[in-house]
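There are 2 protein chains.
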Amino acid sequence: LQRQLSGMMLSAGNGVPSFTPRVVLELASDTKEEAITWLLSRIRDTQYNGGTELLVEQLGPGADAQEKENPNMFLVGATWQRLLSGAEDLGLFKEFNDGSMRAFTCANKYNFKDFKGDGDSFLSTAECQYIIKHELDTLRAKDETHVPGLSRVKLYPGKSVIRRLLSKGILIQVFPLHEKEELKRLSFAWYKKVKLSFQPLEDIRHYYGEGQALYFGFLEYFTFALVPMALIGVPYYLFDWEDYDKYVIFASFNLVWCTVILELWKRCSSSLAYRWGTLSRKKAFEEPRPGFHGVLGFNPVTGRQEPLYPNAKRQLRVYLVSLPFVLLCLYLSLYVMMIYFLMEGWALSVHDAEPTFWTGILCFIPSVLYAVVIEIMNLIYRYAAEFLTEWENHRLESSYQNHLVLKVLVFNFFNCFASLFYIAFVMQDMVLLRQSLATLLITSQILNQLMEAFLPYWLQRRRNKKMVRKIHKGKTLEDQELPLANQVRLEADMSTYLGTFDDYLELFLLFGYVSLFSCVYPLAAVLVVLNNITEVYSDAFKMCRVFKRPFSDPAANIGVWQLAFEAMSVIAVVTNCSLIGMSPQVKAYFPDSDMQLILWTVAIEHGLLAFKFILTFLIPDVPKHIQINLSRLEFESREALKKKCVSSALVSTLNAE
Amino acid sequence: LQRQLSGMMLSAGNGVPSFTPRVVLELASDTKEEAITWLLSRIRDTQYNGGTELLVEQLGPGADAQEKENPNMFLVGATWQRLLSGAEDLGLFKEFNDGSMRAFTCANKYNFKDFKGDGDSFLSTAECQYIIKHELDTLRAKDETHVPGLSRVKLYPGKSVIRRLLSKGILIQVFPLHEKEELKRLSFAWYKKVKLSFQPLEDIRHYYGEGQALYFGFLEYFTFALVPMALIGVPYYLFDWEDYDKYVIFASFNLVWCTVILELWKRCSSSLAYRWGTLSRKKAFEEPRPGFHGVLGFNPVTGRQEPLYPNAKRQLRVYLVSLPFVLLCLYLSLYVMMIYFLMEGWALSVHDAEPTFWTGILCFIPSVLYAVVIEIMNLIYRYAAEFLTEWENHRLESSYQNHLVLKVLVFNFFNCFASLFYIAFVMQDMVLLRQSLATLLITSQILNQLMEAFLPYWLQRRRNKKMVRKIHKGKTLEDQELPLANQVRLEADMSTYLGTFDDYLELFLLFGYVSLFSCVYPLAAVLVVLNNITEVYSDAFKMCRVFKRPFSDPAANIGVWQLAFEAMSVIAVVTNCSLIGMSPQVKAYFPDSDMQLILWTVAIEHGLLAFKFILTFLIPDVPKHIQINLSRLEFESREALKKKCVSSALVSTLNAE
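As they're listed, the protein sequences go chains A and B. Take 260 as the starting number for the first sequence in my numbering and just add one per residue. Take 260 as the starting number for the second sequence in my numbering and just add one per residue.
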């Protein structure tokens, strides 16, 4: 009762609420009062009545209120008891007294490590926000047929209210708030120190959740894994620059390297996920995505009413429209590549016939044009892929993401590597290959970091300054405390972080350059290592300063990207074997017969592929000690169950007799 | 109490016990009385006191008792309540009222389909026997340091008594009893009907358990899958016998066929396993195998005392002894093969130089010698493999089995196919390949069925007749009822069924002949279909008449064999592509360049392999409707848990306020 009252209390002057605000709901500024009242009462209602039992308050006007400010911003928080029961609902894993990870239960709370009294520092802010988001997402319509006051926003029993409001544009955004102090500490540990150090993965996980922490963990792992490669590459560069023959050894090293690092990453990733309690956490049943539409029916699993869309229809869309479209795009990309090579050949011939300054410039034009066209194609394709995947109408966000990743991945792979493959295997021109590789690596590196972090930062900074100047004239952003209302509005205006997709894609392409062709250009690994180091800083910077705080995502692994990297490493085996087979050094062993050479190359390649699969099979994905821990937990829970069984059987036997 | 008494009651004359006997324990005839008394009392003791609460009685002497008869045979049974609580312990899945499969619980028993009153026909005899075996296996030593009366049989707290007695040879065997009536019904449905029909899988599962039923299911599936292949093969045989060119189409068909049938089998197998309730049943924690030895320590998972053996030591044995040994054997096998080809070449040259009757016979000698040597090598290798795997000292039976299967599989594959590969790719002699294939298929088929079913049957029949003659002179085995004691002793003398290993191995090799080379000899599929049909009958016959009834094995799939068949289908892609590349028809397309031909072949092969993996990935292993059922069950159990959580949270909140 006390809590109910405090939730309903008016906020104490200057927009400061009576609880710790965690999440912000921004409703459209023209939303009817009736709808808002209904929504707030539903959020505040007890769980027994189908509410979420969360605390929610309207955000007061900023220090320098303007006409155009949206008044419909709401702060959401929760009591400690509510958060703990939410953690139990979600099945969050926390460290137990004995050091193992167990699903948190309220009944057992005192046996968890770090649980002192009622909470502080037990749940991280990211976890609190994730719990609140989950509770908001599972706020379901009861018998309302539409949102009161908004007859166009239809509801049916069991429909998630927040998702419907989002898909209808009533709810503009839901985002978690930054925590100024924590952020300052994190950013200091992360990118403000000058000396190189390990990533503060625990802090990142604490502040941004497991998904982000795994990305930075992978980035760090990948960089360290590249170091031996880079170290071997440097002497190659310094001493044997023109001696292509030597790359046989380098290519062989490459083969082993890319298999082993991916296998070890799996183990590494599962260690991290175990430590963070996401390894054995069962995923909650996914709700349909907000954009999913279909005929209302009953979900065969949950029995709840929800839109259904026939799977066959989706499959038809995927295989009859999306697949041909992707293939067409690949063909187009190939076509553009051929035009580029024709143009380049023509420009070279013009230059050779009559070498002047202008023909020298002409030689560069095809490359520049090609680079520009590729970027444009990537951009257009990305929009098309998003449109198509949306149109395929996937029920789950995860399936939507997988289909999108696959589409974008294949096209980007093709666009980036098709010309290199053409140069390597059709033109067989290793000098040109080396040049193209170097150009691609260096330009993409510079462009990426500029586009990704510094441009958005600069834009954001301009916006911030404008706002700060309005409030406190003359002071800088760093050394002052903005009132909460202004801080919230500032964050609401920041760009939304769209997930780790683009970051992983970039790593994937870099991994491709190194694993496929670095034997031709041994400096590639060095460049990628340098790139990764700056990437860490720019990514950390953009997470802390440019984007809204994202909701944490309790990932147990890097998901579909593990598969993508493994596919790339299989392609790397084939490519490296072919490069070895084509090297003059190897050719010298088979002076009289090309056929013998090819047969041997193919045989060795098959052997290596088989070896790779056996290796994947032999190296366990989860380290032994974690496996033991997991089975112990399972064993204990089963023994407990069995004891319960035996005692209940005894009771029933006694009753029967 | 009543049950306790009935368990202790003396058996009512002529060895007929007062309960349904299910399992027989045979102890060594010289076992001390003290040990027997102790064992029986431990078995009869209540679960609360660490016993098994099973019923056990000594088997009386046979109708025609002899001196040399072993008196120490014990019949084990259980009351219905005990069996039901055992089924709950084991987590057996049974059909629920709503048609779904759920883990059986005593509390909920009336909601299960087919549960009438207290049991009859609810648990199959195979299930009852499996439950009793499980309970016997988990009878653990308390604080005994050795078996009373047998100081050499050491015990420690938590050690499985039955396993220790087995490994010390005190317990000679534990086997389940046949059920005469049921067996008669089953064998009629299975192999006594003349008309062809589907396998009575449900009945097989009911009588022999899921492992056997899955084997027969797979055998049937494989036979049906071969029918299209056989139908296509016949016209090839009739019309285009000498036209090797045509086999391109056949090989392409082969490629698609072997990928698709294996994928579909996975779905089929999971449907069966779902229907039988083994798909989602969690395996119990495996006990160490009886032969496992090591230094006594504490199991990190269960915390129980048990022998421990360092994994590193085992790995060393596997990689430093077993692996080199297997490679050596493969080399030896290759060496023998080369000698065979040399001898054959020599014999042919002798025959060509001076063709007489004796040189004609000489031509056959190498083949016969080779076949004999191969059989001997297989036999010796099998013993060596068993010895080595035993010596590797695997803790779990499953890991022992996997290592043994792998060893035997690789060697058998090599022995059977090396000569065919040599003929196909080194000698490139398609006529010889066809001949060898036909010879191998037909001889192995005839030999197998003779050795596998009819020879043991004949031996068994002789033994039975001797015994029957002693009791009822003149009557035949079929039309009379043996007294229980004699029946039990008869069964105890039957050979022990050693599991489905050899049956699967045979199918694996047949699958190899068809998928690798049937394009060269299209009749192979027809022969294999015929073989499979007789195989069904001979296997059914040997299960019903030759062997002791085996304990059922609640398998959810065909285990490591699925992997083996898939590996074979990958090899089949490579082989078929090479055969296509070598065909004169394809060679005609590349008249001027062998290199072009090889490159194209390799490219297409890689494409096909990629396609195969994508296909494996795209076809879900579990059919949609079963996935839905499984997720529904999980959803329900989670919702139930959540409700419990919310109510307990409510209670704790109320208490706190």
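Don't read these hints as lab results, they were simulated from the structure. Treat the hints with caution; some may be incorrect.
Result set (DMTMM-like, lysine to aspartate or glutamate): computed pairs, CA atoms no more than 20 Å apart in a straight line [to be verified]: (1) B:Lys542 with A:Glu656; (2) A:Lys801 with A:Glu546; (3) A:Lys427 with A:Glu461; (4) A:Lys413 with A:Glu292; (5) A:Lys541 with B:Glu895; (6) A:Lys542 with A:Asp752; (7) B:Lys801 with B:Glu441; (8) A:Lys801 with A:Glu545; (9) B:Lys427 with B:Glu403; (10) B:Lys542 with A:Glu546; (11) A:Lys801 with A:Asp853; (12) A:Lys846 with B:Glu898; (13) B:Lys427 with B:Glu546; (14) A:Lys541 with B:Glu898; (15) B:Lys846 with A:Asp853; (16) A:Lys392 with A:Glu656; (17) B:Lys368 with B:Asp853; (18) B:Lys883 with A:Glu545; (19) B:Lys401 with B:Glu328; (20) B:Lys541 with A:Glu545; (21) A:Lys541 with B:Glu651; (22) B:Lys541 with B:Glu285; (23) B:Lys542 with A:Asp752; (24) A:Lys401 with B:Glu293; (25) B:Lys883 with A:Glu895; (26) B:Lys541 with A:Glu895; (27) B:Lys883 with A:Asp812; (28) A:Lys542 with B:Glu898; (29) B:Lys401 with A:Glu898; (30) A:Lys542 with B:Glu893; (31) A:Lys883 with B:Glu546; (32) A:Lys883 with B:Glu545; (33) A:Lys542 with B:Glu565; (34) A:Lys883 with B:Glu895; (35) A:Lys427 with A:Asp304.
Cross-check of the supplied hints:
1. A distance of roughly 33 Å separates the Cα atoms of Lys542 (chain B) and Glu656 (chain A); the hinted pair therefore is violated under the 20 Å criterion.
2. For the hint linking Lys801 (chain A) to Glu546 (chain A), the alpha-carbon distance of about 30 Å lies beyond 20 Å, and the restraint is violated.
3. In summary, the hint linking Lys427 (chain A) to Glu461 (chain A) is not supported, as the alpha carbons are separated by about 38 Å, beyond the 20 Å threshold.
4. Taking the CA atoms of Lys413 (chain A) and Glu292 (chain A), the gap is about 18 Å. The hint holds against a cut of 20 Å.
5. At roughly 14 Å between alpha-carbon atoms, Lys541 (chain A) and Glu895 (chain B) fall within 20 Å of each other, so this suggested pair holds.
6. For a cut-off of 20 Å, the pair hint linking Lys542 (chain A) to Asp752 (chain A) is broken: about 32 Å separates their Cα positions.
7. For the proposed pair Lys801 (chain B) and Glu441 (chain B), the alpha carbon gap of about 16 Å is at most 20 Å, so the pair holds.
8. Taking the CA atoms of Lys801 (chain A) and Glu545 (chain A), the gap is about 29 Å. The hint is violated against a cut of 20 Å.
9. Proximity of Lys427 (chain B) to Glu403 (chain B) is assessed by CA-CA distance (about 16 Å); at most 20 Å being required, the pair is judged to hold.
10. For the suggested pair Lys542 (chain B) and Glu546 (chain A), the alpha carbons sit about 31 Å apart, so the restraint of at most 20 Å is broken.
11. For a cut-off of 20 Å, the pair hint linking Lys801 (chain A) to Asp853 (chain A) is broken: about 53 Å separates their Cα positions.
12. For the hint pairing Lys846 (chain A) with Glu898 (chain B), the CA-to-CA distance comes to about 67 Å; that exceeds 20 Å, so the pair is violated.
13. Of the supplied pair hints, the one linking Lys427 (chain B) and Glu546 (chain B) holds, its CA atoms being roughly 17 Å apart against a limit of 20 Å.
14. A threshold of 20 Å between alpha carbons decides the hint, and for Lys541 (chain A) with Glu898 (chain B) the separation of about 13 Å falls inside it, so the pair holds.
15. At roughly 17 Å between alpha-carbon atoms, Lys846 (chain B) and Asp853 (chain A) fall within 20 Å of each other, so this suggested pair holds.
16. Between the alpha carbons of Lys392 (chain A) and Glu656 (chain A) the distance comes to roughly 16 Å, so the proposed pair stays at or under 20 Å and holds.
17. Restraint check for Lys368 (chain B) and Asp853 (chain B): not satisfied, since their Cα atoms lie roughly 72 Å apart, outside the 20 Å limit.
18. Proximity of Lys883 (chain B) to Glu545 (chain A) is assessed by CA-CA distance (about 17 Å); at most 20 Å being required, the pair is judged to hold.
19. As the CA atoms of Lys401 (chain B) and Glu328 (chain B) are separated by approximately 33 Å, the hinted pair breaks the 20 Å bound.
20. At most 20 Å may separate the alpha-carbon atoms for a hinted pair to count; Lys541 (chain B) and Glu545 (chain A) exceed this at roughly 24 Å.
21. Proximity of Lys541 (chain A) to Glu651 (chain B) is assessed by CA-CA distance (about 36 Å); at most 20 Å being required, the pair is judged violated.
22. Of the pairs offered as hints, the one joining Lys541 (chain B) and Glu285 (chain B) is violated, with about 31 Å between alpha carbons and a cut-off of 20 Å exceeded.
23. Pair hint Lys542 (chain B) plus Asp752 (chain A) does not hold up; C-alpha atoms about 53 Å apart against a cutoff of 20 Å.
24. A C-alpha spacing of about 71 Å is found between Lys401 (chain A) and Glu293 (chain B), which places the hinted pair above 20 Å, so the restraint is violated.
25. A C-alpha spacing of about 33 Å is found between Lys883 (chain B) and Glu895 (chain A), which places the hinted pair above 20 Å, so the restraint is violated.
26. Annotation: proposed proximity of Lys541 (chain B) to Glu895 (chain A) holds, straight-line Cα distance about 14 Å (limit 20 Å).
27. Simply put, Lys883 (chain B) and Asp812 (chain A) have alpha-carbon atoms about 28 Å apart, too far for the 20 Å limit, and the pair is violated.
28. For the given pair, Lys542 (chain A) sits about 14 Å from Glu898 (chain B) by alpha-carbon distance, which is consistent with the 20 Å threshold.
29. Between the alpha carbons of Lys401 (chain B) and Glu898 (chain A) the distance comes to roughly 18 Å, so the proposed pair stays at or under 20 Å and holds.
30. Taking the CA atoms of Lys542 (chain A) and Glu893 (chain B), the gap is near 11 Å; set against the 20 Å cutoff, the hint holds.
31. With a CA separation close to 18 Å, the supplied pair Lys883 (chain A) and Glu546 (chain B) stays within the 20 Å bound.
32. The suggested pairing of Lys883 (chain A) with Glu545 (chain B) holds, with an alpha-carbon distance near 17 Å, which does not exceed 20 Å.
33. Restraint check for Lys542 (chain A) and Glu565 (chain B): not satisfied, since their Cα atoms lie roughly 35 Å apart, outside the 20 Å limit.
34. For a cut-off of 20 Å, the pair hint linking Lys883 (chain A) to Glu895 (chain B) is broken: about 33 Å separates their Cα positions.
35. Only pairs whose Cα atoms come within 20 Å are accepted, and Lys427 (chain A) paired with Asp304 (chain A) is rejected, the gap being roughly 23 Å.
The earlier numbered hints that this structure contradicts are 1, 2, 3, 6, 8, 10, 11, 12, 17, 19, 20, 21, 22, 23, 24, 25, 27, 33, 34, 35.
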